[in-house]
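First to last, the protein sequences are chains A and B. Going by the working numbering, the first residue of the first sequence is number 1, and it counts up by one from there. Going by the working numbering, the first residue of the second sequence is number 1, and it counts up by one from there.
What the hints contain is simulated information worked out from the structure, not anything from laboratory work. We put the CB at the ideal spot given by N, CA and C, even for glycine. Worth double-checking, as some hints may not be accurate.
Stated by the list, open to error - Across the chosen pairs, the derived CB separations fall in these ranges:
| hint | chain 1 | residue 1 | chain 2 | residue 2 | range |
| --- | --- | --- | --- | --- | --- |
| 1 | A | Trp359 | B | Arg60 | 29 to 35 Å |
| 2 | B | Gln169 | A | Glu272 | 28 to 34 Å |
| 3 | B | Glu82 | A | Glu540 | 39 to 45 Å |
| 4 | A | Glu503 | B | Arg60 | 54 to 60 Å |
| 5 | B | Gln169 | A | Asp207 | 45 to 51 Å |
| 6 | A | Glu503 | B | Arg163 | 45 to 51 Å |
| 7 | B | His155 | A | Val615 | 45 to 51 Å |
Stated by the list, open to error - Selected chain B positions facing chain A (in silico; Cβ < 10 Å):
| hint | residue |
| --- | --- |
| 8 | Leu55 |
| 9 | Ile56 |
| 10 | Asn90 |
| 11 | Glu93 |
| 12 | Gln98 |
| 13 | Val127 |
| 14 | Phe147 |
| 15 | Met179 |
| 16 | Val220 |
To be verified - Straight-line alpha carbon distances no greater than 20 Å define the calculated DMTMM-like cross-link-like pairs of lysine to aspartate or glutamate that follow:
| hint | chain 1 | residue 1 | chain 2 | residue 2 |
| --- | --- | --- | --- | --- |
| 17 | B | Lys83 | A | Asp472 |
| 18 | B | Lys152 | A | Asp494 |
| 19 | A | Lys568 | A | Glu543 |
| 20 | B | Lys62 | A | Glu513 |
| 21 | B | Lys152 | A | Asp506 |
| 22 | B | Lys86 | A | Glu510 |
| 23 | A | Lys317 | B | Asp73 |
| 24 | B | Lys62 | A | Asp430 |
| 25 | B | Lys83 | A | Glu269 |
| 26 | B | Lys62 | A | Glu81 |
| 27 | A | Lys324 | B | Asp73 |
| 28 | A | Lys317 | B | Glu54 |
| 29 | A | Lys317 | B | Glu138 |
| 30 | B | Lys86 | A | Glu509 |
| 31 | A | Lys363 | A | Asp472 |
| 32 | B | Lys83 | A | Glu513 |
| 33 | B | Lys86 | A | Glu503 |
| 34 | A | Lys525 | B | Asp157 |
| 35 | B | Lys83 | A | Asp430 |
| 36 | B | Lys62 | A | Asp506 |
| 37 | B | Lys152 | A | Glu503 |
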Amino acid sequence: MPRLDTKDDLSALRTSLAAARSHVRASITVCGGTGCQASGCRAVIAALQQELRAQGYEESVHLRVTGCHGFCEQGPIMVVEPGNIFYCHLAPADMPEIVADTIGRGEIVERLLYTDPVSGNTVRAESEIPFYRAQDRTLLAFNPRIDPRSLADFVAVGGYSALARTLAEYDPEEVIREITASGLRGRGGGGFPTGRKWASCRAAPGDEKYVICNADEGDPGAYMDRSLLEGNPHLVLEGMLIGAYAVGAQHGYIYVRNEYPLAVAHAREAVEQAREFGLLGRDILGSHLSFDVEVARGGGAFVCGESTALMASLEGKVGEPRPKDVHTVEQGLWNKPTTLNNVETWANVPLIMQHGAAWFSQKGTKGSKGTKIFALTGRVKNTGLVEVEMGTPLRTILFDIGGGASDGVAIKAVQTGGPSGGCLPAEQFDLPVDFDTLAQAGSMVGSGGMVVMDEHSCMVDVARYFLKFLQDESCGKCVPCRIGIDRMLEIVTDITEGRGRPEQIDLMEELGETVRETALCALGKTAPNPVLSTLQYFREEYEAHIAQQRCPAGVCRALIEYVIDEEKCTGCGACTRACPRDAIRGEAKKPHAIDAGLCHRCGICAAECRSDAVVVR
Amino acid sequence: MLQQVTLSIDGAQVEAVRGTSVLDVAVEYGICIPHLCHIPSLSDFGGCRLCVVELIENSRSKVTTSCTLLVQDDMVVRTNTEKIRKLRRNIAELLVAQAPNSRAIQDIAVRCGVSQVRYPFRNESCVLCGRCVRLCTELWSARAIGFVGRGKDRHVDFPFGVRPDVCKQCQACVQHCPMTITPCDGPMEPGEERLCGKCEAQLLIAESAPDSCIWCELGVGFGCARHAS
Numbered sequence: 001m002p003r004l005d006t007k008d009d010l011s012a013l014r015t016s017l018a019a020a021r022s023h024v025r026a027s028i029t030v031c032g033g034t035g036c037q038a039s040g041c042r043a044v045i046a047a048l049q050q051e052l053r054a055q056g057y058e059e060s061v062h063l064r065v066t067g068c069h070g071f072c073e074q075g076p077i078m079v080v081e082p083g084n085i086f087y088c089h090l091a092p093a094d095m096p097e098i099v100a101d102t103i104g105r106g107e108i109v110e111r112l113l114y115t116d117p118v119s120g121n122t123v124r125a126e127s128e129i130p131f132y133r134a135q136d137r138t139l140l141a142f143n144p145r146i147d148p149r150s151l152a153d154f155v156a157v158g159g160y161s162a163l164a165r166t167l168a169e170y171d172p173e174e175v176i177r178e179i180t181a182s183g184l185r186g187r188g189g190g191g192f193p194t195g196r197k198w199a200s201c202r203a204a205p206g207d208e209k210y211v212i213c214n215a216d217e218g219d220p221g222a223y224m225d226r227s228l229l230e231g232n233p234h235l236v237l238e239g240m241l242i243g244a245y246a247v248g249a250q251h252g253y254i255y256v257r258n259e260y261p262l263a264v265a266h267a268r269e270a271v272e273q274a275r276e277f278g279l280l281g282r283d284i285l286g287s288h289l290s291f292d293v294e295v296a297r298g299g300g301a302f303v304c305g306e307s308t309a310l311m312a313s314l315e316g317k318v319g320e321p322r323p324k325d326v327h328t329v330e331q332g333l334w335n336k337p338t339t340l341n342n343v344e345t346w347a348n349v350p351l352i353m354q355h356g357a358a359w360f361s362q363k364g365t366k367g368s369k370g371t372k373i374f375a376l377t378g379r380v381k382n383t384g385l386v387e388v389e390m391g392t393p394l395r396t397i398l399f400d401i402g403g404g405a406s407d408g409v410a411i412k413a414v415q416t417g418g419p420s421g422g423c424l425p426a427e428q429f430d431l432p433v434d435f436d437t438l439a440q441a442g443s444m445v446g447s448g449g450m451v452v453m454d455e456h457s458c459m460v461d462v463a464r465y466f467l468k469f470l471q472d473e474s475c476g477k478c479v480p481c482r483i484g485i486d487r488m489l490e491i492v493t494d495i496t497e498g499r500g501r502p503e504q505i506d507l508m509e510e511l512g513e514t515v516r517e518t519a520l521c522a523l524g525k526t527a528p529n530p531v532l533s534t535l536q537y538f539r540e541e542y543e544a545h546i547a548q549q550r551c552p553a554g555v556c557r558a559l560i561e562y563v564i565d566e567e568k569c570t571g572c573g574a575c576t577r578a579c580p581r582d583a584i585r586g587e588a589k590k591p592h593a594i595d596a597g598l599c600h601r602c603g604i605c606a607a608e609c610r611s612d613a614v615v616v617r
Numbered sequence: 001m002l003q004q005v006t007l008s009i010d011g012a013q014v015e016a017v018r019g020t021s022v023l024d025v026a027v028e029y030g031i032c033i034p035h036l037c038h039i040p041s042l043s044d045f046g047g048c049r050l051c052v053v054e055l056i057e058n059s060r061s062k063v064t065t066s067c068t069l070l071v072q073d074d075m076v077v078r079t080n081t082e083k084i085r086k087l088r089r090n091i092a093e094l095l096v097a098q099a100p101n102s103r104a105i106q107d108i109a110v111r112c113g114v115s116q117v118r119y120p121f122r123n124e125s126c127v128l129c130g131r132c133v134r135l136c137t138e139l140w141s142a143r144a145i146g147f148v149g150r151g152k153d154r155h156v157d158f159p160f161g162v163r164p165d166v167c168k169q170c171q172a173c174v175q176h177c178p179m180t181i182t183p184c185d186g187p188m189e190p191g192e193e194r195l196c197g198k199c200e201a202q203l204l205i206a207e208s209a210p211d212s213c214i215w216c217e218l219g220v221g222f223g224c225a226r227h228a229s
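Put together the whole structure using the sequences plus the hints.
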């Protein structure tokens, strides 16, 4: 491939790509993201390739394996153009039919269409699916259109034109002014204004500066950064190039966790391709910008998502945070001025430079502009990646996009912001989702995890789960985080196991405040949030555990009892055979009974019972 | 030439050399900020968090450790507000519940106003203040010991658990370990741990002047920087 030496080379490449693709009659897009790979898309792709060859469509039909579309639970998925036809839950055996019917005769394979769980209707076009329709896909819109392993694909949809324009028309200060004017705030959790961060880094003395892309995403259930980096690595790279130009950096790092093998591979491939095309290296696109990027892999520590710990890890040291009395924009990596932004933040940058700050800031609320990707998981009908305008009410995300409660049990709370976020109750579902509102309500936007819980979730147990996660992931450097989280976990465990005392609630609240104020890094400072927010909104659940020795959701094993409803029990014996403790006795065809002394409260009998006779009390 | 800056600590205008920490300056001026992991002349890593102070910036207050906070012109610091005393007391309570068998930790707890411990006592032999690690690394350049593991598993050990040749058994680590000073009545048996509180008489003076150094004997126990210098 020729090196792109000027801005005109780039537009010439784009024109030639368009010409080369003009003969394509139809295209099939198959999601090759990690979610779809887990549900077997590789076999589907292989079968499809074979079938296209067998039926003679190899040349005229363009098969594209893309990054994540976001609707992972429906995978493997496919979109056929023209017609925007959406097929889901595919198997290799479906391929001959799709190629023959849809490609060959233009007919639709009805049985592979998506059925909306809310209305029960089948939906033909991807754009008509309620899950997608209610979203505002700006960043994710690229994912279904490009092969992440092809720089040409990215260029064909307009990629790197923002960079070319920036280098030609803006000087670095103007870039920073544009980013500041757009109101872009960090998407990694802190929500710090990106423009201000860049300005401080630019102003910091020193010739050697760095930019870093933080792709060490570790929140349970959250995967928006993974999907962006996997599905569109060049967009992130383009953002970093613009950032490097603005702050005056010569080197960049993408710090991606090693548990994301596909993201690592795609990022590496993108960097190599960009080097080949001259988009990384010296005198990029004929400008004076010289910049190169290295992909570094994280070793599996959650705390390395914290900026100073990440930089320590990059330097080859133990990934531990350091006090931030001197900011990283002044002394960051190797003690040089460093700008660290999250994947999603970087991905927003080219769009802002392309369309202008005004375009970006027209979306969103007063303090939070643009769109934000959330990973919607838990007890809703539709789960997956959701991109919405900042300020969209929680209710819209949960009910219009998520489709509401999955098991017909009312949604009780939503946990936003990952382990450091908080649980918001149903009364708060009208809150607009933006940085400031969620923070005021005791939670946070965080990196964008959203876990939905229904009446079957015990909020004390939820707090215990997140504390356990944070205890495992705390680096252990400072006392409030290491011992404080441990003590909070000790108290919550006491409560879930029936040893709780009323005064422990106040103690935990006081301890939580102390940890929040005094911990060294953001992990520790936000660690009490799961406890403090559940105490704020679900205190009665804590009190029920302590005062009445009762778990209202029927989750905490020490506080519940499984009994058999004699009227419903048919005496089939399924529970008796399944019980690992031999705790269930009864004659055939007569109501059985559970020996509470032997019962381990595993719940297997309740799952096995066909007549819903096993109930939790 | 050394540059002088002027800052305000608890309302007092003090002069200090640029590059020194607020903790060092405060101790030098006789303002008491309890601390544990800090040793003069070693780097500060902000681990114990006992030396937290309030930094007032643009009429907003921010809690930060004074050992890692370097003095700046016109800086306003408050070391003994009610909020800070409460935070410190809670941290000291966590520490003493973790390691009651150290007179140093017991002294710190008393100095920070801990009058009851609301957590079950544990009998840990290390509070991970990291004094030994930094001494070995920075003063002796030996790097014979370091932190191993993460979070709950974090502990101080030799590389791969084997004493390397670079360790000359100089015992400097032992001398600076707060856990080597046992409570006055001797080590407490498991199950009999308690808040010692023997020094409460001294505290009466300390409590009437919480923000001033009274050259208390407590400082000898936990190796207060004022006694060390």
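Against the structure, the hints:
Our hint of 29 to 35 Å for A/Trp359 and B/Arg60 holds, since their Cβ atoms are close to 34 Å apart. At about 52 Å, the CB distance of B/Gln169 to A/Glu272 disagrees with the hint of 28 to 34 Å. Taking 39 to 45 Å as the suggested C-beta distance range, the pair B/Glu82 and A/Glu540 does not conform, at roughly 31 Å. For the pair A/Glu503 and B/Arg60, the beta carbons lie near 33 Å from each other, so the given range of 54 to 60 Å is not met.
Hint check: B/Gln169 to A/Asp207, Cβ distance near 46 Å, so the stated range 45 to 51 Å holds. Distance hint check: the CB atoms of A/Glu503 and B/Arg163 are about 46 Å apart, consistent with the given range 45 to 51 Å. For B/His155 and A/Val615, the Cβ-Cβ distance of about 47 Å falls inside the hinted range of 45 to 51 Å, so the restraint holds. Interface hint at B/Leu55: satisfied, since its Cβ lies 9 Å from the closest Cβ of chain A, which is below the 10 Å cut-off.
For B/Ile56, the interface hint is violated, since its Cβ never comes within 10 Å of a Cβ in chain A; the closest pair sits about 15 Å apart. The beta carbon of B/Asn90 is positioned within 10 Å of a beta carbon in chain A (closest approach about 4 Å), and the interface hint is therefore held. With 10 Å as the threshold, the beta carbon of B/Glu93 comes within range of chain A, its nearest partner Cβ sitting at about 9 Å, so the hint holds. Of the supplied interface hints, the one on B/Gln98 holds, with its beta-carbon coming within about 6 Å of a beta-carbon of chain A, less than 10 Å.
Annotation: B/Val127 was flagged as interfacial toward chain A, and the flag holds, the nearest CB pair being 7 Å apart, inside 10 Å. A cut of 10 Å between beta carbons decides the hint on B/Phe147: the least distance to chain A is about 7 Å, and the hint holds. With its C-beta approaching chain A no nearer than about 14 Å, B/Met179 sits outside the 10 Å limit, and its interface hint is violated. With its C-beta approaching chain A no nearer than about 22 Å, B/Val220 sits outside the 10 Å limit, and its interface hint is violated.
Distance restraint check for B/Lys83 and A/Asp472: the Cα-Cα separation of roughly 29 Å exceeds the 20 Å cut-off, and the hinted pair is therefore not satisfied. Between B/Lys152 and A/Asp494 the CA atoms are separated by roughly 19 Å; this keeps the pair inside 20 Å, and the hint holds. For the hint pairing A/Lys568 with A/Glu543, the CA-to-CA distance comes to about 32 Å; that exceeds 20 Å, so the pair is violated. Among the hinted pairs, B/Lys62 with A/Glu513 is consistent with the structure: their alpha-carbon atoms are about 14 Å apart, no more than 20 Å.
A C-alpha spacing of about 24 Å is found between B/Lys152 and A/Asp506, which places the hinted pair above 20 Å, so the restraint is violated. Using a Cα cut-off of 20 Å, the hinted pair B/Lys86 and A/Glu510 holds, with the two alpha carbons roughly 9 Å apart. Pair hint A/Lys317 plus B/Asp73 does not hold up; C-alpha atoms about 33 Å apart against a cutoff of 20 Å. With a CA separation close to 32 Å, the supplied pair B/Lys62 and A/Asp430 exceeds the 20 Å bound.
With a C-alpha separation of about 52 Å, the suggested pair B/Lys83 and A/Glu269 falls outside the 20 Å cut-off, and the hint is violated. A threshold of 20 Å between alpha carbons decides the hint, and for B/Lys62 with A/Glu81 the separation of about 56 Å lies outside it, so the pair is violated. Only pairs whose Cα atoms come within 20 Å are accepted, and A/Lys324 paired with B/Asp73 is accepted, the gap being roughly 19 Å. Pair hint A/Lys317 plus B/Glu54 does not hold up; C-alpha atoms about 30 Å apart against a cutoff of 20 Å.
Simply put, A/Lys317 and B/Glu138 have alpha-carbon atoms about 16 Å apart, close enough for the 20 Å limit, and the pair holds. At roughly 13 Å between alpha-carbon atoms, B/Lys86 and A/Glu509 fall within 20 Å of each other, so this suggested pair holds. With a C-alpha separation of about 38 Å, the suggested pairing of A/Lys363 with A/Asp472 is violated against the 20 Å cut-off. The suggested pairing of B/Lys83 with A/Glu513 holds, with an alpha-carbon distance near 11 Å, which does not exceed 20 Å.
As the CA atoms of B/Lys86 and A/Glu503 are separated by approximately 18 Å, the hinted pair is consistent with the 20 Å bound. For the hint linking A/Lys525 to B/Asp157, the alpha-carbon distance of about 28 Å lies beyond 20 Å, and the restraint is violated. Taking the CA atoms of B/Lys83 and A/Asp430, the gap is about 34 Å. The hint is violated against a cut of 20 Å. Restraint check for B/Lys62 and A/Asp506: the C-alpha separation of about 24 Å exceeds 20 Å, so the hint is violated.
Our distance criterion of 20 Å between C-alpha atoms is broken by B/Lys152 and A/Glu503, whose separation comes to about 26 Å.
Hint violations for this structure: numbers 2, 3, 4, 9, 15, 16, 17, 19, 21, 23, 24, 25, 26, 28, 31, 34, 35, 36 and 37, all remaining hints satisfied.
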